[in-house]
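Based on these hints, arrange chain B on the given structure of chain A.
Residues per chain are reported as follows:
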Amino acid sequence: EDQVTQSPEALRLQEGESSSLNCSYTVSGLRGLFWYRQDPGKGPEFLFTLYSAGEEKEKERLKATLTKKESFLHITAPKPEDSATYLCAVSGTGFQKLVFGTGTRLLVSP
Amino acid sequence: DGGITQSPKYLFRKEGQNVTLSCEQNLNHDAMYWYRQDPGQGLRLIYYSQIVNDFQKGDIAEGYSVSREKKESFPLTVTSAQKNPTAFYLCASSNVVGYEQYFGPGTRLTVT
Chain A
1 EDQVTQSPEA LRLQEGESSS LNCSYTVSGL RGLFWYRQDP GKGPEFLFTL YSAGEEKEKE
61 RLKATLTKKE SFLHITAPKP EDSATYLCAV SGTGFQKLVF GTGTRLLVSP
Chain B
1 DGGITQSPKY LFRKEGQNVT LSCEQNLNHD AMYWYRQDPG QGLRLIYYSQ IVNDFQKGDI
61 AEGYSVSREK KESFPLTVTS AQKNPTAFYL CASSNVVGYE QYFGPGTRLT VT
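Residue numbers (our numbering), protein chains in the order written: chain A, 1 to 110; chain B, 1 to 112.
Here chain A stands alone, though its shape is the one from the complex (with noise of 0.2 Å):
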């Protein structure tokens, strides 16, 4: 069965306080993963679509990275107006939707 685990669950950082978030995933042949931003009460906004391993992509402070079995995005000297709920998704050949994670709720502290 398809599936995404995104971990941790929630991390508290300082602000300029880099580090990473995982989004570990089981499909049967990678058409995608996504990256989503999320914050409390809207809707998500997409960030990055990465599409085989090795690939990388950046947007101001974030940057993702994929290799066969996960993902992560990793936080540069992150801002409190990083703090949202970021979430994985993939998309594998045989099917047509997006298998979403759980999220992980990130929390910059000033």
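Read the hints as simulated data drawn from the structure, not as lab findings. One or more hints might be untrue.
Heads up, simulated DSSO-like pairs for lysine-lysine below, C-alpha to C-alpha not over 27 Å straight-line [claimed, not checked]: (1) B:Lys57 to A:Lys42; (2) B:Lys71 to A:Lys97; (3) B:Lys83 to A:Lys97; (4) B:Lys83 to B:Lys57; (5) A:Lys97 to B:Lys14; (6) B:Lys14 to A:Lys42.
Chain B alone, transformed into the frame defined by chain A:
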């Protein structure tokens, strides 16, 4: 600005009443989706539609119904048969099924 709109933002209903949630997109996307989000759980797919006049059940379709009469619109009806309808409902769209989806702001439904 292109995007997805959902209305209303908050919705309150009495138990036993059907309620319809609106979703409109102007991204010219072919595929549209409805998800339900509950605390501590991942997004769960209710229904999706690849093209106009066609839709498929997702993982938790029981107690819900949809229609896709126009490319831009994909309304969701929560029927009285849905046993636990109180939740945050999200609509999304994508250019092609299975690729990145773009979400609306969500509707929080409370049934008492």
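Each hint tested on the structure:
1. B:Lys57 to A:Lys42: 24 Å, holds
2. B:Lys71 to A:Lys97: 19 Å, holds
3. B:Lys83 to A:Lys97: 24 Å, holds
4. B:Lys83 to B:Lys57: At roughly 17 Å apart (the allowed maximum being 27 Å), Lys57 of chain B and Lys83 of chain B satisfy the hint.
5. A:Lys97 to B:Lys14: Violated. Lys97 of chain A to Lys14 of chain B sits at ~32 Å, over the 27 Å cutoff.
6. B:Lys14 to A:Lys42: Satisfied, since the Cα-Cα distance of roughly 24 Å is no more than 27 Å.
Violation of the numbered hints given earlier is confined to hint 5; every other hint is satisfied by the structure.
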